[in-house]
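**Q** Now for the letters of each chain:
There are 2 protein chains.
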Amino acid sequence: MAIPRAAKTQRRTRIQEEKEERILEAALDVFSQNGFRGATIDQIAEAAGMSKPNLLYYFRTKEAIHRQLIDRVLSTWLEPLRAFDAEGNPESEIRSYIRRKLEMARDFPRESRLFANEVLQGAPHIEDELKGPLKALVDEKAEVIRAWARSGKIARCDPYHLIFSIWSTTQHYADFDVQVRAVLGQDYAGEGRFEDAARFLEQLFIDGLRARKA
Amino acid sequence: MAIPRAAKTQRRTRIQEEKEERILEAALDVFSQNGFRGATIDQIAEAAGMSKPNLLYYFRTKEAIHRQLIDRVLSTWLEPLRAFDAEGNPESEIRSYIRRKLEMARDFPRESRLFANEVLQGAPHIEDELKGPLKALVDEKAEVIRAWARSGKIARCDPYHLIFSIWSTTQHYADFDVQVRAVLGQDYAGEGRFEDAARFLEQLFIDGLRARKA
DNA sequence: CGATAATTTGACCGCTTGGTAAAACATTAC
DNA sequence: GTAATGTTTTACCAAGCGGTCAAATTATCG
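Residue numbers (the numbering used here), protein chains in the order written: chain A, 1 to 214; chain B, 1 to 214.
Hints are computed from structural coordinates only; laboratory data are not their basis.
A portion of the hints provided could be inaccurate.
Computed list of lysine-lysine pairs in DSS-like fashion (alpha-carbon distance at most 30 angstroms, straight line) [said to hold, decoys possible]:
#1 K62(B) / K62(A)
#2 K52(A) / K62(B)
#3 K153(B) / K153(A)
#4 K62(B) / K131(B)
Computed footprint of chain A on chain B; a stretch qualifies when at least three of its residues, placed anywhere within it, have a C-beta under 8 angstroms from a C-beta of chain A [stated by the list, open to error]:
#5 145-151
#6 177-185
C-beta: ideal position from N, C-alpha, C; glycine also.
Please model the entire structure based on the sequences and the hints provided.
**A** Given below as structure tokens:
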């Protein structure tokens, strides 16, 4: 008999690990495109190349897939902000933060959309993560930025809204990709828009935050 | 007998107009919170205070409600960009564009989320609007911005990415409201964040775009 | 090999969903 | 009033949904 999910002798089979991987990969596709409610188990199962009951053998519920996906993705998603270094040079820290976030929007758009969908619909599954770890991290980095401003290395500004504006401008290229493409036109082929965006945003933020004599 | 939807003698009854209004209002609530697929007709009907078949008497399908909602909202949504005036002073045009967009994020968050949901999920229902009227409008305003840059009134920059960055930073406060609240904390009561955001964004964009000697 | 455990399948269930049919009810026009 | 039209309700599908079950199949280990 099978007491399968999270098996008896702890994550034994390589096959288990492999299938779960495939499911999460497929689920990322489906959830990021349709949101939680809009996604169906059948869709995920088909994208993962297995039958629905087979998928449910590995994850008991749709929510379980989603939860694990979010958990897994959240930490990597915040990594760029974590790398924000208080000791570094403010200008180059901000510059490389923007660049890193843009790279993530380019290379991991599904992850970005997964969160966007979730937050947009009221973050029913990740409220705690937002109010807990996320807020803590932002609070910490906001203090760093404030210190830079106090010591005159950058212009005085609200550090929270600075972070929000970096998030929104960079993630825009993942979350609103269709719109960006539509507006830029299809003659604008390739991934050049990320280069242009990087140039523009670096200019905007660096010049916008350059310390001014009051 | 009733050949009801879009009645015989053209939009006659006041009751028809009134009910359709109530339905669209309710649908805005539901669609903006759940996306198209996540929203159900029953939800909308309940929010509109009527039975499902009754609602379906006014709109034949769920898609019909959604389409009309999008059509109606799209034009008002683009109004601030349309107001962008080539003859005006660049700095104050940009400043008031930001302010207007922020006001819309504050006063019409549902409309913002309706579009965000739609675009996020690949814009299946509004692709044409994006590639047509929207692109045309943005192209036109991009030319205005480019002219300002050429004549040295603002810094040289990519006008498309400038517009994207204003869209994303301002709409962020509607679309990612839950996250913004979570990060700022509940001690941060009221709508003060919009004031702070306005101050920050105006500073960022004005200083970031100030013409520099090359 | 055989036994045991892990995996996969097909059939199924109860609920929700988008949508319909027809008749009851209300309103208006004469 | 009454006839025609407009509106609402009740009852109802057929399909899709998340999820279960038991049996069939496959892998693993001695």
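**Q** Give a verdict on every hint.
**A** Results for each hint:
no.: 1; hint: K62(B) / K62(A); in the structure: holds, 25 angstroms
no.: 2; hint: K52(A) / K62(B); in the structure: holds, 28 angstroms
no.: 3; hint: K153(B) / K153(A); in the structure: holds, 27 angstroms
no.: 4; hint: K62(B) / K131(B); in the structure: holds, 24 angstroms
no.: 5; hint: 145-151; in the structure: violated (count 0)
no.: 6; hint: 177-185; in the structure: holds (count 7)
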